[in-house]
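Enquirer: Taking our numbering, the leading residue of the sequence shown gets 276, the next gets one more, and so forth.
Just to be clear, a hint being listed does not mean it is correct.
Distance windows between CB atoms, simulated [to be verified]:
no., residue 1, residue 2, range
1, Ala-328, Val-297, 13 to 23 Å
2, Arg-313, Pro-340, 26 to 36 Å
3, Ser-310, Glu-333, 26 to 36 Å
4, Ile-306, Glu-333, 30 to 40 Å
5, Pro-308, Gln-354, 30 to 40 Å
6, Gln-300, Asp-348, 19 to 29 Å
7, Ala-341, Ser-310, 24 to 34 Å
8, Thr-293, Ala-336, 24 to 34 Å
9, Gln-314, Asp-339, 10 to 20 Å
10, Ala-355, Ile-306, 30 to 40 Å
11, Arg-318, Ala-355, 21 to 31 Å
Source of the hints: derived by calculation from the structure; they are not laboratory data.
Note that the coordinates shown come from a computational prediction; the quantities given were computed from them, not determined experimentally.
C-beta atoms are modelled at their ideal positions from N, C-alpha and C, and glycine is treated no differently.
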Amino acid sequence: MTDSPAVDGEVSDTDALTDFVVNAQLMLDPITPESVRRQAEPRLLALLPVLQALGVFELFAIRDPALAALVRDELEARQA
Numbered sequence: 276m277t278d279s280p281a282v283d284g285e286v287s288d289t290d291a292l293t294d295f296v297v298n299a300q301l302m303l304d305p306i307t308p309e310s311v312r313r314q315a316e317p318r319l320l321a322l323l324p325v326l327q328a329l330g331v332f333e334l335f336a337i338r339d340p341a342l343a344a345l346v347r348d349e350l351e352a353r354q355a
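The task is simple: from the sequences and hints, build the whole structure.
Expert: What follows is the structure, given as structure tokens:
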């Protein structure tokens with residue numbers, strides 16, 4: 276839980292970016308247990324519409340190839 280305000284249970288824009296980074300770090304950390312990774316992935320993917328609306332993926336590139344592919348594939352699937 277964060278100290279930033281949320282509207283009607285929605286994640287604020289700043290929370291979305293912070294939460295994305297936290298979940299990405301969990302997914303990429305080799306010592307993160309698999310069960311935690313499985314929980315982090317859907318949370319990370321749920322944040323993509325907000326981050327895309329903010330233009331985050333136009334400004335920043337995800338350097339990890341597997342995470343970049345996951346995000347790219349999910350964004351493409353949401354557009355289809």
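Enquirer: Take the hints in turn and mark each one as holding or not.
Expert: Status of the hints after comparison with the structure:
A hinted range of 13 to 23 Å holds for the C-beta pair Ala-328 and Val-297, which are about 20 Å apart. Judged by the Cβ atoms, the range 26 to 36 Å given for Arg-313 and Pro-340 is violated: they are separated by roughly 20 Å. Ser-310 and Glu-333 have their C-beta atoms about 33 Å apart, which keeps the hinted 26 to 36 Å range intact. Range check, Ile-306 to Glu-333: about 32 Å between beta-carbon atoms, so the 30 to 40 Å window is met.
Take Pro-308 and Gln-354: their Cβ atoms lie about 33 Å apart, and the range 30 to 40 Å holds. For Gln-300 paired with Asp-348, a C-beta distance near 20 Å keeps the hint of 19 to 29 Å intact. Against the hinted window of 24 to 34 Å, the Cβ-Cβ separation of Ala-341 and Ser-310 comes to about 18 Å, which falls outside the hint. Taken as a hint, the range 24 to 34 Å is violated for the pair Thr-293 and Ala-336, whose Cβ atoms sit roughly 19 Å apart.
Range check, Gln-314 to Asp-339: about 19 Å between beta-carbon atoms, so the 10 to 20 Å window is met. A hinted range of 30 to 40 Å holds for the C-beta pair Ala-355 and Ile-306, which are about 35 Å apart. The hint said 21 to 31 Å for the Cβ distance between Arg-318 and Ala-355, and at roughly 22 Å that hint holds.
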